[in-house]
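S.K.: Sequence:
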Amino acid sequence: MTVLLSFLVGVFTWSLCEYILHRFVGHSKNLIHGFTKEHRSHHQNGEYFMPVLQKLQTSCSVLIPLFVISTIVLGQPIGIGFSTGFASFFVLYEYMHKRAHTHPPRNSYERWIYKHHFYHHFGAPNKNFGFTSSIWDLLFGTHAQTDVVRIPSRKAMCWLLHPHTHEVRSEFAQDYKIRSPRKRAQNE
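Note that my numbering has the sequence shown beginning at 1, numbered continuously upward.
These aren't lab readings, by the way, just hints derived from the structure by calculation. Treat the hints with caution; some may be incorrect.
Stated by the list, open to error - In silico PhoX-like links for lysine-lysine, alpha-carbon gap of 25 Å or less:
1. 29 x 155
2. 177 x 29
3. 37 x 177
4. 37 x 55
5. 98 x 37
6. 98 x 55
7. 98 x 155
8. 155 x 177
Being a predicted model, the structure only gives us computed values, none of them experimental.
Modelling step: build the complete structure from the supplied sequences, incorporating the hints.
M.R.: Shown next, in the form of C-alpha coordinates:
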(Lines of atoms letter the chains of each structure in order from A; the text may use other names.)
(Lines give C-alpha, C1' and ligand atoms only; values in the text may rest on other atoms or scores of the structure.)
Protein backbone atom coordinates (compact mmCIF):
# COMPACT_ATOMS: atom_id res chain seq x y z
CA MET A 1 0.00 0.00 0.00
CA THR A 2 1.41 3.38 -0.92
CA VAL A 3 1.42 6.38 1.39
CA LEU A 4 -1.03 8.21 -0.90
CA LEU A 5 -3.42 5.26 -0.84
CA SER A 6 -3.17 5.01 2.95
CA PHE A 7 -3.92 8.76 3.16
CA LEU A 8 -7.06 8.23 1.03
CA VAL A 9 -8.10 5.26 3.19
CA GLY A 10 -7.73 7.58 6.22
CA VAL A 11 -9.98 10.15 4.53
CA PHE A 12 -12.54 7.46 3.71
CA THR A 13 -12.37 6.13 7.29
CA TRP A 14 -12.98 9.59 8.75
CA SER A 15 -16.02 9.96 6.49
CA LEU A 16 -17.48 6.73 7.88
CA CYS A 17 -16.61 7.72 11.47
CA GLU A 18 -18.27 11.11 10.94
CA TYR A 19 -21.49 9.34 9.90
CA ILE A 20 -21.38 6.78 12.73
CA LEU A 21 -20.60 9.36 15.43
CA HIS A 22 -23.29 11.72 14.21
CA ARG A 23 -25.99 9.09 13.78
CA PHE A 24 -25.38 6.74 16.69
CA VAL A 25 -23.74 8.99 19.31
CA GLY A 26 -24.89 12.51 18.44
CA HIS A 27 -28.52 11.45 18.05
CA SER A 28 -28.62 8.68 20.65
CA LYS A 29 -31.57 8.68 22.99
CA ASN A 30 -29.90 6.17 25.33
CA LEU A 31 -26.31 7.41 25.64
CA ILE A 32 -25.20 9.99 28.14
CA HIS A 33 -22.02 11.13 26.46
CA GLY A 34 -20.27 14.48 26.19
CA PHE A 35 -20.54 14.45 22.40
CA THR A 36 -24.27 13.69 22.61
CA LYS A 37 -24.83 16.67 24.92
CA GLU A 38 -22.71 18.97 22.76
CA HIS A 39 -24.52 17.85 19.63
CA ARG A 40 -27.93 18.45 21.18
CA SER A 41 -26.80 21.94 22.16
CA HIS A 42 -25.72 22.54 18.58
CA HIS A 43 -29.12 21.44 17.23
CA GLN A 44 -30.91 23.72 19.68
CA ASN A 45 -28.67 26.64 18.75
CA GLY A 46 -26.94 26.32 15.37
CA GLU A 47 -24.43 29.00 16.35
CA TYR A 48 -23.20 26.90 19.27
CA PHE A 49 -20.02 24.91 18.76
CA MET A 50 -17.95 23.11 21.37
CA PRO A 51 -15.28 25.50 22.73
CA VAL A 52 -12.01 25.18 20.80
CA LEU A 53 -9.90 24.06 23.76
CA GLN A 54 -12.40 21.34 24.66
CA LYS A 55 -12.59 20.22 21.02
CA LEU A 56 -8.78 20.14 20.83
CA GLN A 57 -8.54 18.01 23.99
CA THR A 58 -11.20 15.60 22.72
CA SER A 59 -9.62 15.39 19.27
CA CYS A 60 -6.15 14.73 20.65
CA SER A 61 -7.50 11.94 22.86
CA VAL A 62 -8.54 10.15 19.65
CA LEU A 63 -5.97 11.31 17.08
CA ILE A 64 -2.81 10.63 19.11
CA PRO A 65 -3.71 6.99 19.91
CA LEU A 66 -4.85 6.56 16.29
CA PHE A 67 -1.46 7.81 15.09
CA VAL A 68 0.47 5.56 17.49
CA ILE A 69 -1.60 2.43 16.83
CA SER A 70 -1.70 2.87 13.05
CA THR A 71 2.08 3.38 12.85
CA ILE A 72 2.70 0.29 14.98
CA VAL A 73 0.22 -1.89 13.07
CA LEU A 74 0.78 -0.55 9.54
CA GLY A 75 4.39 0.59 9.76
CA GLN A 76 5.63 4.14 9.86
CA PRO A 77 5.00 5.50 6.34
CA ILE A 78 1.62 3.82 5.86
CA GLY A 79 0.46 4.54 9.43
CA ILE A 80 1.45 8.18 9.12
CA GLY A 81 -0.33 8.40 5.75
CA PHE A 82 -3.50 6.84 7.18
CA SER A 83 -3.63 8.94 10.35
CA THR A 84 -2.76 12.12 8.41
CA GLY A 85 -5.62 11.46 5.98
CA PHE A 86 -8.01 10.80 8.86
CA ALA A 87 -6.91 13.90 10.82
CA SER A 88 -6.85 16.15 7.74
CA PHE A 89 -10.39 15.28 6.78
CA PHE A 90 -11.52 15.72 10.38
CA VAL A 91 -10.05 19.25 10.40
CA LEU A 92 -11.66 19.96 7.01
CA TYR A 93 -15.00 18.71 8.36
CA GLU A 94 -14.75 20.98 11.42
CA TYR A 95 -13.90 23.99 9.27
CA MET A 96 -16.64 23.33 6.72
CA HIS A 97 -19.29 22.59 9.34
CA LYS A 98 -18.69 25.82 11.23
CA ARG A 99 -18.47 27.73 7.97
CA ALA A 100 -21.87 26.38 6.86
CA HIS A 101 -23.45 27.99 9.91
CA THR A 102 -21.58 31.29 9.60
CA HIS A 103 -20.87 31.98 5.91
CA PRO A 104 -22.73 31.62 2.62
CA PRO A 105 -21.77 28.83 0.21
CA ARG A 106 -19.02 29.74 -2.29
CA ASN A 107 -19.53 27.02 -4.88
CA SER A 108 -21.93 24.30 -6.01
CA TYR A 109 -20.48 21.69 -3.62
CA GLU A 110 -20.96 23.97 -0.62
CA ARG A 111 -24.44 24.91 -1.83
CA TRP A 112 -25.36 21.24 -2.04
CA ILE A 113 -23.78 20.19 1.27
CA TYR A 114 -25.29 23.15 3.17
CA LYS A 115 -28.75 22.26 1.88
CA HIS A 116 -28.18 18.59 2.76
CA HIS A 117 -27.03 19.56 6.26
CA PHE A 118 -29.68 22.16 7.00
CA TYR A 119 -32.41 19.78 5.93
CA HIS A 120 -31.03 17.48 8.65
CA HIS A 121 -31.18 20.36 11.16
CA PHE A 122 -34.59 21.76 10.29
CA GLY A 123 -36.55 19.17 8.35
CA ALA A 124 -35.47 15.60 9.02
CA PRO A 125 -33.20 15.09 12.06
CA ASN A 126 -33.15 11.32 11.44
CA LYS A 127 -31.79 11.78 7.92
CA ASN A 128 -28.67 13.24 6.29
CA PHE A 129 -26.12 12.43 8.99
CA GLY A 130 -23.13 12.78 6.67
CA PHE A 131 -21.77 16.29 6.30
CA THR A 132 -18.76 16.06 4.01
CA SER A 133 -20.44 13.38 1.90
CA SER A 134 -23.82 11.71 1.52
CA ILE A 135 -22.31 8.36 0.51
CA TRP A 136 -23.06 6.73 3.87
CA ASP A 137 -26.58 8.18 3.98
CA LEU A 138 -27.20 6.67 0.55
CA LEU A 139 -25.66 3.34 1.57
CA PHE A 140 -27.53 3.06 4.89
CA GLY A 141 -30.86 4.48 3.72
CA THR A 142 -30.77 7.73 5.68
CA HIS A 143 -30.48 10.08 2.71
CA ALA A 144 -33.31 12.55 2.17
CA GLN A 145 -33.49 15.10 -0.60
CA THR A 146 -35.58 18.23 -0.60
CA ASP A 147 -36.18 21.03 -3.02
CA VAL A 148 -36.54 23.66 -0.32
CA VAL A 149 -35.30 23.71 3.27
CA ARG A 150 -37.77 25.43 5.58
CA ILE A 151 -35.99 27.14 8.46
CA PRO A 152 -37.64 28.57 11.58
CA SER A 153 -37.22 32.34 11.56
CA ARG A 154 -35.47 32.37 14.94
CA LYS A 155 -32.87 29.82 13.75
CA ALA A 156 -32.02 31.31 10.36
CA MET A 157 -28.31 31.68 9.67
CA CYS A 158 -27.20 35.33 9.47
CA TRP A 159 -25.76 34.89 5.96
CA LEU A 160 -29.13 33.66 4.67
CA LEU A 161 -31.13 36.79 5.39
CA HIS A 162 -31.01 40.26 3.89
CA PRO A 163 -29.93 42.59 6.74
CA HIS A 164 -32.68 45.17 6.11
CA THR A 165 -35.68 43.10 5.06
CA HIS A 166 -34.87 39.94 7.06
CA GLU A 167 -36.08 37.91 4.10
CA VAL A 168 -34.10 35.16 2.40
CA ARG A 169 -31.51 36.70 0.08
CA SER A 170 -32.48 36.29 -3.56
CA GLU A 171 -29.44 34.10 -4.35
CA PHE A 172 -30.66 31.51 -1.81
CA ALA A 173 -34.43 31.81 -2.32
CA GLN A 174 -34.69 28.70 -4.48
CA ASP A 175 -33.14 26.55 -1.72
CA TYR A 176 -34.47 28.07 1.51
CA LYS A 177 -37.69 29.47 2.92
CA ILE A 178 -38.32 30.95 6.35
CA ARG A 179 -41.03 29.40 8.51
CA SER A 180 -42.85 32.01 10.52
CA PRO A 181 -43.45 31.29 14.18
CA ARG A 182 -46.73 29.50 14.64
CA LYS A 183 -49.45 31.85 15.67
CA ARG A 184 -51.31 30.83 18.74
CA ALA A 185 -54.94 30.06 18.24
CA GLN A 186 -56.90 32.91 19.66
CA ASN A 187 -59.60 32.02 22.08
CA GLU A 188 -62.66 34.22 21.78
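S.K.: What are the numbers of the hints the structure violates, in ascending order?
M.R.: 2 and 3
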